[in-house]
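Student: Based on the hints, put chain U in the right spot on chain Z.
Protein chains: 2
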Amino acid sequence: MNLLLLDPSEVATDGSVSLTQAHAEHVRKVLKLGTGQTVRVGMVDGAMGVGTITTIADRHVELACAFDPAPPARPRVDLLLALPRPKVMRRLWAPLATLGVGQVILTNAEKVERDYFDSHVLQPEGYRPLLIEGLQQARDTHMPIVSIHKRFKVLVEDHLDALCPSVRRLVAHPGSDTRVATALADVTPSDRVLLATGPEGGWNDFELSLLETHGFARVGIGPRILTTTTACVALLTLVHEALRRG
Amino acid sequence: MNLLLLDPSEVATDGSVSLTQAHAEHVRKVLKLGTGQTVRVGMVDGAMGVGTITTIADRHVELACAFDPAPPARPRVDLLLALPRPKVMRRLWAPLATLGVGQVILTNAEKVERDYFDSHVLQPEGYRPLLIEGLQQARDTHMPIVSIHKRFKVLVEDHLDALCPSVRRLVAHPGSDTRVATALADVTPSDRVLLATGPEGGWNDFELSLLETHGFARVGIGPRILTTTTACVALLTLVHEALRRG
Numbered sequence: 001m002n003l004l005l006l007d008p009s010e011v012a013t014d015g016s017v018s019l020t021q022a023h024a025e026h027v028r029k030v031l032k033l034g035t036g037q038t039v040r041v042g043m044v045d046g047a048m049g050v051g052t053i054t055t056i057a058d059r060h061v062e063l064a065c066a067f068d069p070a071p072p073a074r075p076r077v078d079l080l081l082a083l084p085r086p087k088v089m090r091r092l093w094a095p096l097a098t099l100g101v102g103q104v105i106l107t108n109a110e111k112v113e114r115d116y117f118d119s120h121v122l123q124p125e126g127y128r129p130l131l132i133e134g135l136q137q138a139r140d141t142h143m144p145i146v147s148i149h150k151r152f153k154v155l156v157e158d159h160l161d162a163l164c165p166s167v168r169r170l171v172a173h174p175g176s177d178t179r180v181a182t183a184l185a186d187v188t189p190s191d192r193v194l195l196a197t198g199p200e201g202g203w204n205d206f207e208l209s210l211l212e213t214h215g216f217a218r219v220g221i222g223p224r225i226l227t228t229t230t231a232c233v234a235l236l237t238l239v240h241e242a243l244r245r246g
Numbered sequence: 247m248n249l250l251l252l253d254p255s256e257v258a259t260d261g262s263v264s265l266t267q268a269h270a271e272h273v274r275k276v277l278k279l280g281t282g283q284t285v286r287v288g289m290v291d292g293a294m295g296v297g298t299i300t301t302i303a304d305r306h307v308e309l310a311c312a313f314d315p316a317p318p319a320r321p322r323v324d325l326l327l328a329l330p331r332p333k334v335m336r337r338l339w340a341p342l343a344t345l346g347v348g349q350v351i352l353t354n355a356e357k358v359e360r361d362y363f364d365s366h367v368l369q370p371e372g373y374r375p376l377l378i379e380g381l382q383q384a385r386d387t388h389m390p391i392v393s394i395h396k397r398f399k400v401l402v403e404d405h406l407d408a409l410c411p412s413v414r415r416l417v418a419h420p421g422s423d424t425r426v427a428t429a430l431a432d433v434t435p436s437d438r439v440l441l442a443t444g445p446e447g448g449w450n451d452f453e454l455s456l457l458e459t460h461g462f463a464r465v466g467i468g469p470r471i472l473t474t475t476t477a478c479v480a481l482l483t484l485v486h487e488a489l490r491r492g
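Residue numbers (the working numbering), protein chains in the order written: chain Z, 1 to 246; chain U, 247 to 492.
Hints in this document: simulated from the structure, not taken from any laboratory.
Where a beta carbon is used, it is the ideal one built from N, C-alpha and C, also for glycine.
A portion of the hints provided could be inaccurate.
[To be verified] Covered stretches of chain Z (chain U as the covering partner; in silico rule of three or more C-beta atoms under 8 angstroms from a C-beta of chain U): (1) 153 to 161; (2) 217 to 229; (3) 234 to 245.
[To be verified] The calculated lysine to any residue pairs, modelled on SDA-like cross-linking and capped at a C-alpha distance of 25 angstroms, are: (4) Z:K32 x Z:A22; (5) Z:K32 x U:D361; (6) Z:K32 x U:Y362; (7) U:K275 x Z:D115; (8) Z:K32 x U:S455; (9) Z:K32 x U:R331; (10) Z:K111 x U:E379.
The following block holds chain Z by itself, in its conformation from the complex:
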């Protein structure tokens, strides 16, 4: 935990905060801080700053926080992901938030089992703590916006333009020789990127064709076949790295 991510409702107008039990325990037992010492803090979807410990008593920790004038920049990558198995999805939330995504758009595809959509890991109370964990690791405050779409064709044809206006679109496809850096060679500092990643068995021909019709350019990361988790981390890394130039 490299940042205590606070809900704005926790922060009084004078910047004082009474920490939740989990945060208080982290300050006392992991960081082992005392009165007068400081800890990095941030508000969900808001600014980061520094909290000075004013009270430590029993299990109770209070901070006086001073926040930066502006929040950090929002991650410039959005992810369109064919919903993986619940066990895989559960482990993916934190790394996604750590790497940085503006949106996580989950969709059906031919090779996605319908009952994956019934999983607890798709409920906000299931995934939000995992996203917070990832943000606290990365030292970011931007909560990824999550949306879930059971109809791939309707999503791509009717909703994607409104969800992600004017972005560069890439679709990861095992057969492609085009590198992410090449596809994004002319990226500008204001560009956002929407990256589509398929299910373990890949997009089918219809899905790939529909994505291409809607402006997604194919990219590949070499001949090795990665699991969904590893592929997501690898692809997001390459997109972020390409955007570091722009």
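Tutor: Below, chain U without anything else, positioned relative to chain Z:
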């Protein structure tokens, strides 16, 4: 499982193989193949090829295998990793093999707890099945060579040149602005890369300085702080991507 990885001892001189129970079950229940159909096979540290099913009876599956004349190319990246917690290390073996590493060189560092070295995940019987799982996912046959070093200084000063002769050396360090692609801009097709990745809290000044004295160039992947697992996947991805050009 995108490849059945066989031990050379399983393969008779005429190419016939009687599959282990796990492989037989995969062929019957997941791939649902029948007599005359084919499956991709490979021999540990050897060639890949195709196995034609000659017998399926009860739980017993036999193949007639034909192997390529040459094994696939060995991954051109080696990893020097400050040993993470056993739970993290256990989950890292398979992704490392999937992404492709020639060697995994595990080392001590100031921020590594000594008792991590006693873990079962550092015993070959603990990690070898996980490496095989990763290779079967990636469709590769090259078993990473694992070595474990409890003394960082001795490793870097006395053993590393022999373990990894004439390679490009990089050390990941959060503060560095140098991108992996920049550090490897002049890479040639025969170059190998040794990538050093620190513990969760980072290398200390002595460790970083010792690595630099021994030819490691600092690289960074941006301001976000990643977990060891995500950092390893991200960094290996960037090195492999840089080597795709060379």
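Student: The structure should be examined with respect to each hint, and the outcome stated for every one.
Tutor: Now for the hints, and whether the structure bears them out:
1. 153 to 161: Coverage by chain U is violated here, the residue count being 0 at a Cβ distance below 8 angstroms.
2. 217 to 229: holds (count 8)
3. 234 to 245: Three-residue rule met by the segment 234 to 245 of chain Z, so holds; n is 6.
4. Z:K32 x Z:A22: holds (14 angstroms)
5. Z:K32 x U:D361: Holds, because 22 angstroms separates the two Cα atoms, which is no more than 25 angstroms.
6. Z:K32 x U:Y362: holds (23 angstroms)
7. U:K275 x Z:D115: At roughly 20 angstroms apart (the allowed maximum being 25 angstroms), Z:D115 and U:K275 satisfy the hint.
8. Z:K32 x U:S455: violated (28 angstroms)
9. Z:K32 x U:R331: It holds: about 21 angstroms lies between the C-alpha atoms, which stays within 25 angstroms.
10. Z:K111 x U:E379: Holds, at roughly 22 angstroms.
Figure legend: structure checked against the earlier numbered hints; hints not met, in rising order: 1, 8.
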